[in-house]
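Note that the sequence shown covers residues 470 to 609 in my numbering.
In short, the hints are calculated from the structure, not lab data.
Each hint should be verified, as a subset may be incorrect.
Stated by the list, open to error - Below, a list of computed lysine to aspartate or glutamate pairs in the DMTMM-like style, where the Cα atoms sit at most 20 Å apart:
#, residue 1, residue 2
1, K476, E491
2, K476, D530
3, K476, E561
4, K508, E560
5, K508, E557
6, K476, D495
7, K508, D594
8, K476, E520
9, K508, E600
10, K508, E492
11, K508, E483
12, K508, E563
13, K476, D594
14, K476, E557
As the list claims (entries may be wrong) - Taking CB as the label site, the calculated pair distances span:
#, residue 1, residue 2, range
15, E520, L606, 31 to 37 Å
16, F603, T481, 22 to 28 Å
17, V475, S602, 18 to 24 Å
18, S602, E563, 30 to 36 Å
C-beta: ideal position from N, C-alpha, C; glycine also.
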Amino acid sequence: SSVLEVKEAQATAEEAEALGIEEGADVIRLLRIRYGDDKPLVVSANTLPREVLPGPIEYWDWSGSLAEALAAHGHYVNASIATISAVELPEEWERRFNLGGMGPWLLVAEVGMTRQGERALYAADYHRGSEISFSVLRQR
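Could you put together the complete structure from these sequences and hints?
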């Protein structure tokens, strides 16, 4: 995987609602891309409350597992609430990262929950529709 961007910012209304924090609260935003056979397969936009990963962001290895990084600081993500929809990548990403013309993507937008019930991660993962599919169990 490649790290496209990592920065500290203030939570948007959407991020704040997903994470159960105040709009404008400090967050970390991470944008990565995962490849398979040198083809882009998943573009991941992750937002975390700033306090869950202390220290300067410059010293973190952002190419690794966020779940493992969170667990190392006592935030064990063991469940998520997700929605799946067919979308196009944001135009800015298509342009900035040369990802245009790849057809629809499957957006899995999810909130990672810890064992203690805290919302530790908001992820918007765009899976390349021509390469990835999902099996879903639905119950009533």
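Would you mind confirming whether the straight-line C-alpha gap from K476 to E557 stays at or under 20 Å? violated, 24 Å
Decide if the proposed pair is consistent with the structure: K476 and E561, CA atoms, cutoff 20 Å inclusive. holds, 17 Å
Quick check: does the Cβ-Cβ distance between F603 and T481 fall within 22 to 28 Å? Hint holds: Cβ distance 26 Å, inside 22 to 28 Å.
Checking one constraint from the list: CA of K476 to CA of D530, max 20 Å. Satisfied? holds, 13 Å
Between K508 and E492, is the straight-line Cα distance small enough, at 20 Å or below? violated, 36 Å
Run the distance test for K508 versus E483: straight-line Cα separation, threshold 20 Å. violated, 30 Å
20 Å Cα cutoff - pair K476, D495: holds, 11 Å
Assess, step by step, whether the Cα of K508 is no farther than 20 Å from the Cα of E560, and give holds or violated. holds, 19 Å
Tell me if the straight-line CA distance from K508 to D594 falls inside 20 Å. holds, 16 Å
What's the verdict on K476 and E491, does the C-alpha distance respect the 20 Å limit or exceed it? holds, 18 Å
Would you mind confirming whether the straight-line C-alpha gap from K508 to E557 stays at or under 20 Å? Cα-Cα ~17 Å, so holds.
Between K508 and E600, is the straight-line Cα distance small enough, at 20 Å or below? holds, 9 Å
Hint compliance for this structure: hints 10, 11, 14, 17 and 18 are not met, and every other hint is.
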